[in-house]
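Sequences are here, hints too, so could you generate the full structure?
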Amino acid sequence: MAIAQVVSIQRSRAHGTVAEIQGASKNFGSVRALVDFNFQVRAGELTALLGPNGAGKTTAIKLLLGLACPTSGRVSVFGADPAEATTRTRVGAMLQVGRVPESLRAAEHIDLFSSYYPNPLPISETLAIAGLEELRDRKFGDLSGGQKQRVLFALAICGNPDLLFLDEPTVGLDVEARHLLWQEIRNLLGRGKTVVLTTHYLEETDTLADRVAVINNGSLIAEGTPAQIKSRTAGKKIRCVTQLSAAVIRDIKGVIDVQADREAVVIQSNHPESVLRGLLSLDLEISGIEVTSAGLEDAFASRKRSTNFSNAFVFPCIRFQPCFFPSCSTCSSGWSWAGRRLGASAQASI
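Following our numbering, the numbering of the sequence shown begins with 1 at its first residue and continues without gaps.
Honestly, the hints are just simulated from the structure, not real lab data. Hints may contain errors.
[Claimed, not checked] Derived Cβ-Cβ restraints for the label pairs, each shown as a range: (1) Gly-192 x Val-241: 46 to 54 Å; (2) Thr-71 x Glu-290: 43 to 51 Å; (3) Asn-27 x Pro-122: 39 to 47 Å.
Ideal Cβ positions, reconstructed from N, Cα and C, are used throughout, including at glycine.
Here it is as structure tokens:
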């Protein structure tokens, strides 16, 4: 058995639920962001929360971080209120827009954020994990977009949290940096950490997630492993070169969708054998036939068609809020945490 399979099996045996939303609804005036929403995060796993813009995903994350309270229902993290300080010391978060002082250096940010946690990682270890060793003395405002993402990742992990929320962690990263971050996330999972991931890179979900939860219009519409979701909705892909029109192919029994792919067509079906028989009966000169398992992106395309998803997957940002931090004493007078107030130059850069 492959090492990756063994690690996955070991993680899947982790006991308990570390975070849970039970029958929660959240209203903003007349807008119902969540409707009787149920969601679980299992210990030692990576759970991907996916949904189109406005689906309620951001609201669900805010409930789990203690940044908002449900109108009704219950939210718990490690069996307690997520807003409690003792709970927050076990949670780290990388939010999509990180409003941190531009004038502080990378290592200074990590030093500051580490002070909010009782058992933080050594700064040198955090820098190494995030690939920031050569950037430790660079000011945040002087970094590129991808480098800033790495700093925000470092701030999420520096407290050595048991539960980590990653909102679009690889936005702005090149392919190599993205794959390196994937490996660091795998390493965290291998150390028993639990991760909640939001991303619009479906390949990322397919690669990393143990479980996927799909949310739309404030309700959970699909949940399971990536393989389970693909098997329920995506089926198989048939790629071939044919003179048949898309309209004719769509009329073949078992065809779910047809898309052009340069000189070929790609057909999605849950019954590929039946579709192939239909194709061959209509076009004896059909060629280049390939049958493969559909990916998570294909499953989402199918799910979007069946549940009236809004257009493309565009995930809203969750703005950084100082009051998230576990040792926060006040947020009413600028950036002030645990009695440590930033200087005027740092505040001016926010």
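A quick look at each hint next to the structure:
| no. | hint | verdict |
| --- | --- | --- |
| 1 | Gly-192 x Val-241: 46 to 54 Å | 49 Å, holds |
| 2 | Thr-71 x Glu-290: 43 to 51 Å | 50 Å, holds |
| 3 | Asn-27 x Pro-122: 39 to 47 Å | 44 Å, holds |
Of the numbered hints listed earlier, not one is contradicted by the structure.
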